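Residue numbers (this note's numbering), protein chains in the order written: chain A, 1 to 112; chain B, 1 to 115.
By construction, these hints were calculated from the structure, which means they are not laboratory data.
What you are looking at is a predicted structure, and each value in this text was computed from that prediction instead of being measured.
We put the beta carbon where it would ideally sit given N, CA and C, even for glycine.
Below, in silico cross-link-like pairs of lysine-lysine (PhoX-like), each with a Cα-Cα straight-line distance of 25 angstroms or less:
| no. | chain 1 | residue 1 | chain 2 | residue 2 |
| --- | --- | --- | --- | --- |
| 1 | B | LYS49 | A | LYS57 |
| 2 | A | LYS57 | B | LYS107 |
| 3 | A | LYS1 | B | LYS49 |
| 4 | B | LYS68 | B | LYS107 |
| 5 | B | LYS42 | A | LYS1 |
Simulated coverage check for chain B against chain A, where a stretch passes if three residues somewhere in it have a Cβ under 8 angstroms from a Cβ of chain A:
| no. | segment |
| --- | --- |
| 6 | 44 to 52 |
| 7 | 104 to 113 |
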Amino acid sequence: KAGVTQTPRYLIKTRGQQVTLSCSPISGHRSVSWYQQTPGQGLQFLFEYFSETQRNKGNFPGQFSGRQFSNSRSEMNVSTLELGDSALYLCASSLEGAGEQFFGPGTRLTVL
Amino acid sequence: AQSVTQLDSHVSVSEGTPVLLRCNYSSSYSPSLFWYVQHPNKGLQLLLKYTSAATLVKGINGFEAEFKKSETSFHLTKPSAHMSDAAEYFCVVSKSGGGADGLTFGKGTHLIIQP
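Looking at chain B on its own, in the form it has when it is part of the complex (with noise of 0.2 angstroms):
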């Protein structure tokens, strides 16, 4: 069984702070998590995975996330918001590596960058 948490429904940033997202997952196996961004009225982006290999991963839009097996949680940051980061962001935890059969998407967190 596996489930995903998102800490946050809403997180507001001034434009130029940093962005931090919260995610904690649970999984019976090794797992693969991914960070997932939807603008509205648009489908999901990738922002971000990983898959075992380095715990520090950096994604596109200059935002990166940490795996941390011991905390069971791939928090999602960026160093600067943006305008354009305003949307719903969604962690994402799979069983098989993404596969469509084992993703287990969180409630999400909906970003809001105050001018």
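Just chain A, with the same shape it has in the complex (with noise of 0.2 angstroms):
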């Protein structure tokens, strides 16, 4: 069975813009979950969609927005970037949101 994967792996960007991040689940999985992951701050919880909804949110600014299809992929975006956004981007889906995360590789984010 694939694991989850993840697109784009690297991506530069510049303040002010846009990003788009994509993440397929495991087949199976409904459940999926976004992390930022900083130097700084660790790791740190986005939000989870599951069944195309919004289930739960981390305590991120709104510029932070995501969404779910029918086949359970997800898209992550931020709509204004700033220098600070810089990160890895973990993206980990499970069978119902309980129980064991599995995690992809992540996209690396850089900002400038």
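Quick one: dock chain against chain with the hints and give me the complex.
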């Protein structure tokens, strides 16, 4: 069974631009979660989608948003990039949201 | 509320010697606890999990951890370190068996293996 895939793996953007990251969960998994990882703040939960609905949300400002499609694939969008948004963005999937989460390799976003 | 404290930001051991990565937790619930490993430029991989069954939990690659409620600890150990164990390790506490809404990550411990 294929693992969680994230595209692109690396991305360079400039401040003020917007960006969309994609995550394809393990086949059959309905929950997709997004995390931001930075050296200073560590790993922080962004939000979780389940059956195309945002079910949980972390403490991030409104320029971070996401969506989930009927095939459970998910996208994360940052509307107006700031330098501090440079991070590794990790996606994880699980069957129902509870239990073990399986992580993708991440997208390394650099904002210049 | 819940929190995780990984007591060492860096741990250095020689290949073939034991590994100990320390983790203390705080939780208002009966917690589920996890250890994840992250190799450079890779996502997180689950090493092991505790979900209120046996207090000594065995994981992959020879790692194990012991849940000690009285000490609110969940330390990760391995009898003999291998060069491939060099990575970042995260202790994680969950209020919902690992569900996305309840995961709180520690800051991580960087494990260095000396040849």
